[in-house]
Amino acid sequence: MSVHTPPKMSEDSARDLDSLIACPACDALLRDRDVAAGETATCPRCHSVIEAPRRLAMTRILMLAMAGLILMVAAVFFPFLEVSAAGLSQRSTLVDTVRAFSGGLTVPLTYAMAALIVVLPTVRFLALIYVLGPMALGWYPRRFAVPAFRVAEALRPWAMAEVFIVGVAVALVKVAGLAHVAIGPAFWAFVGLVVVTVLKDNFMSRVTVWKTLEARRPA
Amino acid sequence: MSAPVVTARQAGLIGCAQCGKVHRDGAVTCLRCGSDLRPRSAARLQAVWAWLVAGLVVYVPANVYPMLKTSSLGRTTESTILGGVVELMHHGSYGIAGIVFFASIIIPIAKFLAIIFLALSVTRQVRMSHHYRHKLFHVVEFIGRWSMIDVFVVAILASLVQLNFAASIAPGIAAVSFALSVAFTMVSALSFDERLIWDADPVPAE
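Chains as they are written, first to last, in this note's numbering: chain X, 1 to 219; chain V, 220 to 425.
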């Protein structure tokens with residue numbers, strides 16, 4: 001573990017803003033330095049992680065985002081769950097789940113569900129592929145890479161695939177007493193999607209990506 | 220252990236909360252990531268309070284009105300959030316009852332209290348150290364979205380259990396207000412600038 005150090009403040013060093021970094025969590029003014037892959041740079045004041053670059057992190061995030069996108073397609077189109085009771089059976093896909101609220105006053109929730117479970121995770125995957133693809137290959141950033149990465153980061157709390165899968169687990173237990181439940185391929189695709197998302201977010205070092213985007217910006 | 224820490228603001232500079240880039244005073248957008256650099260102030264706290272109050276207001280109908288309408292063999296029963304938990308306990312699923320109780324009752328209430336405490340701590344003296352408040356904020360930020368579990372459970376049940384006469388489940392209006400409550404409190408926590416916790420600290424840490 002390494003730490004960014006506070007700069008020796010003088011008029012001259014204050015002028016060279018590029019050699020400084022402000023901790024995004026507590027605003028402590030620190031001397032910026034290159035953090036090697038595998039190192040974790042923390043703030044001496046609030047101990048938040050500022051940068052944690054990993055070897056091949058960009059390539060890994062790119063691959064995981066692409067895997068996530070493929071799994072999302074599978075999760076949306078294959079059957080998700082099937083219940084049967086008293087000779088009747090009902091098969092539901094992810095789309096049916098999203099549309100569960102589409103009757104009466106609960107209609108707005110349909111859109112919210114679609115956004116939280118399918119649309120926002122997909123948008124995040126696409127944005128990350130768009131931003132990090134050229135970075136992983138060592139190219140210049142794409143034209144709208146900066147706003148795209150900002151959107152990807154802003155949407156992070158709102159992409160709720162992980163939360164949804166826990167909800168599925170709870171629902172399965174609730175239904176189990178009432179009817180027989182069979183799990184479809186889309187369920188496993190979605191579980192895979194959650195694993196991929198968590199791995200991807202673990203490799204992500206936001207400040208490192210921003211610095212890379214800035215350093216690679218064509219002059 | 221370390222030299223005294225100066226914040227960007229004390230040095231007359233502006234730090235970007237998104238990417239850490241340091242700007243001269245008066246900068247409006249970050250040159251590196253394009254984020255808004257407007258200085259954090261007590262006025263920004265009003266947004267936190269406003270979203271929090273909105274979240275609290277819609278949390279009331281979320282608990283009063285039914286979350287689920289179950290009809291089985293012609294009989295319809297409605298259950299609220301708390302009712303659902305009690306029902307699960309009657310079925311003996313204590314673990315699941317615990318998860319739902321924690322996600323839909325404990326987390327939202329703890330979150331309301333934590334945000335109120337953090338927002339007050341910016342302008343008032345409190346006992347809790349900056350480190351603990353910083354940690355508390357991160358817990359609130361991390362855990363908020365998990366309250367959505369119950370809304371998802373209702374959606375899955377309603378889409379899955381449509382077996383005509385044998386059993387069918389429909390969502391209740393409380394699902395909407397609960398989802399709104401979770402979303403509003405998430406926005407409230409997101410509008411809180413965590414650097415405010417540290418700004419109130421005149422003495423460098425360590």
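If you are wondering where the hints come from, they were derived from the structure by calculation, not from laboratory data.
Each residue gets a CB set at the ideal place from its N, CA and C atoms; glycine is no exception.
Take these hints with a grain of salt, some might be off.
Unchecked claim - In silico negatives: residues of chain V with every beta carbon more than 12 Å from chain X:
#	residue
1	Lys-240
2	Val-247
3	Glu-297
4	Gly-311
5	Phe-397
As the list claims (entries may be wrong) - Output of the computed footprint for chain X on chain V, the stretches with three or more beta carbons under 8 Å from beta carbons of chain X:
#	segment
6	331-338
7	370-380
Stated by the list, open to error - Taking CB as the label site, the calculated pair distances span:
#	chain 1	residue 1	chain 2	residue 2	range
8	X	Trp-188	V	His-357	46 to 54 Å
9	X	Leu-126	V	Ala-246	53 to 61 Å
10	V	Glu-360	X	Arg-91	48 to 56 Å
Hint by hint, here is what the structure shows:
no., hint, result
1, Lys-240, "violated (7 Å)"
2, Val-247, "holds (15 Å)"
3, Glu-297, "holds (14 Å)"
4, Gly-311, "violated (9 Å)"
5, Phe-397, "violated (10 Å)"
6, 331-338, "violated (count 0)"
7, 370-380, "holds (count 11)"
8, Trp-188(X) x His-357(V): 46 to 54 Å, "violated (32 Å)"
9, Leu-126(X) x Ala-246(V): 53 to 61 Å, "violated (30 Å)"
10, Glu-360(V) x Arg-91(X): 48 to 56 Å, "violated (38 Å)"
In summary, the numbered hints that this structure violates are 1, 4, 5, 6, 8, 9 and 10.
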